Structure formats: C-alpha cells, structure tokens
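Peer 1: Chain A is already provided as a structure; the job is to place chain B on it using the hints.
There are 2 protein chains.
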Amino acid sequence: MRIAVLGTGMVGTTIGTRLAGLGHDVTMGSRSAGNEAAAEWARSVGGSVAHGTFADAADAGELVFNCTSGAASLDALGAAGAERLAGKVLVDVSNPLDFSGGMPPTLFVFGDDSLGERIQRAFPDARVVKSLHTVNCNVMVDPARVPGSHDVFVAGDDEDAKDQVRELLQAFGWPLASIVDLGDITAARGTEAYVLLWVRLMGTLGTADFNIATVV
Amino acid sequence: MRIAVLGTGMVGTTIGTRLAGLGHDVTMGSRSAGNEAAAEWARSVGGSVAHGTFADAADAGELVFNCTSGAASLDALGAAGAERLAGKVLVDVSNPLDFSGGMPPTLFVFGDDSLGERIQRAFPDARVVKSLHTVNCNVMVDPARVPGSHDVFVAGDDEDAKDQVRELLQAFGWPLASIVDLGDITAARGTEAYVLLWVRLMGTLGTADFNIATVV
Numbered sequence: 007m008r009i010a011v012l013g014t015g016m017v018g019t020t021i022g023t024r025l026a027g028l029g030h031d032v033t034m035g036s037r038s039a040g041n042e043a044a045a046e047w048a049r050s051v052g053g054s055v056a057h058g059t060f061a062d063a064a065d066a067g068e069l070v071f072n073c074t075s076g077a078a079s080l081d082a083l084g085a086a087g088a089e090r091l092a093g094k095v096l097v098d099v100s101n102p103l104d105f106s107g108g109m110p111p112t113l114f115v116f117g118d119d120s121l122g123e124r125i126q127r128a129f130p131d132a133r134v135v136k137s138l139h140t141v142n143c144n145v146m147v148d149p150a151r152v153p154g155s156h157d158v159f160v161a162g163d164d165e166d167a168k169d170q171v172r173e174l175l176q177a178f179g180w181p182l183a184s185i186v187d188l189g190d191i192t193a194a195r196g197t198e199a200y201v202l203l204w205v206r207l208m209g210t211l212g213t214a215d216f217n218i219a220t221v222v
Numbered sequence: 007m008r009i010a011v012l013g014t015g016m017v018g019t020t021i022g023t024r025l026a027g028l029g030h031d032v033t034m035g036s037r038s039a040g041n042e043a044a045a046e047w048a049r050s051v052g053g054s055v056a057h058g059t060f061a062d063a064a065d066a067g068e069l070v071f072n073c074t075s076g077a078a079s080l081d082a083l084g085a086a087g088a089e090r091l092a093g094k095v096l097v098d099v100s101n102p103l104d105f106s107g108g109m110p111p112t113l114f115v116f117g118d119d120s121l122g123e124r125i126q127r128a129f130p131d132a133r134v135v136k137s138l139h140t141v142n143c144n145v146m147v148d149p150a151r152v153p154g155s156h157d158v159f160v161a162g163d164d165e166d167a168k169d170q171v172r173e174l175l176q177a178f179g180w181p182l183a184s185i186v187d188l189g190d191i192t193a194a195r196g197t198e199a200y201v202l203l204w205v206r207l208m209g210t211l212g213t214a215d216f217n218i219a220t221v222v
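For the protein sequence lines, the chains are A and B, in the order given.
Those letters in the first sequence? Residues 7 to 222, per our numbering, in order.
Those letters in the second sequence? Residues 7 to 222, per our numbering, in order.
Just so you know, these hints were derived from the structure itself, not from any lab.
Careful: at least some of the hints might be erroneous.
Stated by the list, open to error - Just so you have them, the derived chain B footprint on chain A, three or more residues with Cβ under 8 Å: (1) 33 to 45; (2) 115 to 124; (3) 181 to 190; (4) 204 to 215.
Claimed, not checked - Below, a sample of chain A positions facing chain B; criterion: calculated Cβ distance under 7 Å: (5) A61; (6) G108; (7) T112; (8) A193; (9) G196; (10) Y200; (11) I218; (12) A219; (13) T220; (14) V221; (15) V222.
To be verified - Some chain B residues close to chain A (C-beta under 7 Å, calculated; not the full set): (16) A88; (17) L188; (18) A199; (19) Y200; (20) L202; (21) L211; (22) G212.
Note that the structure is a prediction, hence the values are computed from the model and not measured.
The beta carbon of each residue, even a glycine, is placed where N, CA and C say it ideally should be.
Here chain A stands alone, though its shape is the one from the complex:
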C-alpha cells in the first residue's frame, strides 16, 4: 500500500520504518522538500521509501498517518491539502500536548472537544481514525515490547476506515482482541485526556515501555 507519514520526529520515523519493513511504499512528508531528517531517514531505511513536502506525501499516499506534533497538526494537514486528504483514511496519532508551561505538559484542547475532532471538522472529507497515541512510538509498532495483554484504542466516524486501521494495527502486532473500538471520533476526548495519566505513569514506572489493559 502507498502510505504517507506526515512528521519526521520519533513517531513519524518509527512508524515509517515499520511500515516500510512491512512492504509498504512510504513517503514521509515535512514542511520543506529538502528536510534533512526526512532525507536521513529515507537513506537509512532504504527500500521503497521517499520523502517530500506534506503535499507530496499526501499526494503519494492512499492512506495518511498524522505523526506531527499536536500543536502543528492542523497547519501540517492544511499544507498537505484538504483535496489530497479527501476520501483517504487519516490515522491521527497526534496528542494536543501543551509544553508552554514546562513539564509536565497540559493539553491545549480538552473536555468538550479534542484534537481528533478538530482535525475531522477541518478536513470533513478525510476519514479520521484516532489511534496509537496512547502508547510510546516503540510500543505502537511492536506491542510485544510490553509483555502480556494490553490494549490500543480506535475511534472514528467511518467504520470502513476503522477496519483498515485495525488491519494495519494487526500487522504491527496488535491482537484483534486488544484493539478496543471506542466508537466515533468524540472518543478522542477520553483517549487524549488519558495521555496526562500516561505521562505520570511513565515517571512512576521509569519506562515508556508500558501500557494499560482494559479489564472487564
């Protein structure tokens, strides 16, 4: 599959590398066509990968991962272009973290709205699925780093889009039974809020290689 990965940070490079390893054609998008991090990533990964602007990547991808930082996501997706996102599955991995007050971060959208919803509203023809943002990027693409059973969430308004994301998550190593469908995109209010507990748990546990399991 041709997949666009927007964002050249830890999350983007980790997901991009994993997707390339699974045989997908990955185009990494960033603000400028000559982005050094993206070029370095493409050189190191090899295989069928490319890099370019956000628009180049969105053009190339049949499915798009938003791995930009939350504060930059709406601008990055705007640069990618609504028309290039239309009809495509947009996996939103971002978190609305606000580091302006230092550590620990707070969230710049919260409660009766979420970044996932803002993105869906701004790009109504994209099929947004919020997922993976509740774990560290290494766990996202290799859940077995955390032993035992633990969960990842999906939320979005388009059932077929969630099916496609579930397939990718399973390819990453997530058992189908560990993929919890929280319903429509408004569930991002809950999963994005949880990230504040995640930050605290990371400090307590002294590792980012952890997750939560829903126990019923």
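Peer 2: Just chain B, lined up with the frame of chain A:
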C-alpha cells in the same frame, strides 16, 4: 477506627457501608443534620454508624472520606471545617465532573491543576490522598467484582497518610501489588483526566464493573 464519610450519594453510602462492615465506626456527614438519605442509610446499615452535619462527621472521624460530588467538595469541606480536618488523612474520592453541558461530562478543573490539589491547597493541614475515584463505587469496595488483576492509584504529599490509605484499600480487597503510588498530589491531574476515558469505556463496555491494569 472512627471514620467520617462526607456525602450521602452512591459513593458515600457504598463506602460507608463497607467501612461499617469492616468494623469501623462510621459517621456520615451531609449539609443538614436531618438529612433523610443519611438517616435511611444509618437505619439500614445498623451497627456502629451515625450521621450528622459535615462538621459533626469531621469531628467524629479520625480519618475522613470526601465522597461529595466534585462541584460541591470545597464547600462541603469548608462546612466540615479546616480545624476539624487538620492533621487528619483526607481520602479524596471526588471527580471534578462538569455536567452543565449535558452528557458526556467534562471537567471543571484540568491540566495544570486538579481538584485534589485545590482541596490540598484549601486545607493545607489536612493530609489529602487522592484515590479510588478511577473506578465505580462498587468496584472501589469490592475489586473482585472485576476478575483478574487491575489497579487502583494513590497520590498525595504525605507518605504516612498514603500508608494508612493503602491499609484501608487492602481491607477493601485491593492486593498491595495493585495499589500504584503515583507520587504527590499533582498526580491527580492524570487520574482525574483519565475519568473521561473511563466514562467512554463504560459506554463501550456496557458496564461499570471494569477497570484498567497497568502492564509493564
């Protein structure tokens, strides 16, 4: 032990009944001395229980549970009286839920502050421990309702107070290994935020008898 339970709702009556069953002397506090819910509770439970105003209960208790609704907690604790709370362990079970916009609720304090911290600041001589508010009240006092291993959190500035709360939690049925100490009271920012995910999970799972386990 003489324990005050502030609040006559589901949480207060459930915790009060459990504490009485464990042999503690429980005084339930409410806004007015003649509160019908508190009187009915005391009649139905029997044993060494009493009820009265918030101040009466705080006077009677060596340890205090705040089981009032989050929006009412600071007023209720003010009515209990800072001098009656001074030096005592104050287990804060409240959530800062804001139902003013209908369902689902949002939070009236969030991000760089929390209700747990507000209570600790307002009553600096109380030894606030935030705990139990991340599960339904029936699970609080009987964690075996949810099969398998799952966790409860404690957060607070006073180590001895957290030790006392850990003992009570174990009496409720929480294994010591399932009691996760998140550090000082600022951790309430994370656990209170998580409650938005809890609300969503309850809708998805169709039951309040669930919890999360931290998996490392």
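Peer 1: The structure should be examined with respect to each hint, and the outcome stated for every one.
Peer 2: So, going through the hints one by one against the coordinates:
{"no.": "1", "hint": "33 to 45", "verdict": "violated (count 0)"}
{"no.": "2", "hint": "115 to 124", "verdict": "holds (count 3)"}
{"no.": "3", "hint": "181 to 190", "verdict": "holds (count 4)"}
{"no.": "4", "hint": "204 to 215", "verdict": "holds (count 9)"}
{"no.": "5", "hint": "A61", "verdict": "violated, 34 Å"}
{"no.": "6", "hint": "G108", "verdict": "violated, 10 Å"}
{"no.": "7", "hint": "T112", "verdict": "holds, 3 Å"}
{"no.": "8", "hint": "A193", "verdict": "holds, 5 Å"}
{"no.": "9", "hint": "G196", "verdict": "holds, 4 Å"}
{"no.": "10", "hint": "Y200", "verdict": "holds, 4 Å"}
{"no.": "11", "hint": "I218", "verdict": "holds, 4 Å"}
{"no.": "12", "hint": "A219", "verdict": "holds, 5 Å"}
{"no.": "13", "hint": "T220", "verdict": "holds, 6 Å"}
{"no.": "14", "hint": "V221", "verdict": "holds, 4 Å"}
{"no.": "15", "hint": "V222", "verdict": "holds, 4 Å"}
{"no.": "16", "hint": "A88", "verdict": "violated, 28 Å"}
{"no.": "17", "hint": "L188", "verdict": "holds, 5 Å"}
{"no.": "18", "hint": "A199", "verdict": "holds, 4 Å"}
{"no.": "19", "hint": "Y200", "verdict": "holds, 4 Å"}
{"no.": "20", "hint": "L202", "verdict": "holds, 4 Å"}
{"no.": "21", "hint": "L211", "verdict": "holds, 6 Å"}
{"no.": "22", "hint": "G212", "verdict": "violated, 9 Å"}
Of the numbered hints stated above, those contradicted by the structure are hints 1, 5, 6, 16, 22, listed in ascending order.
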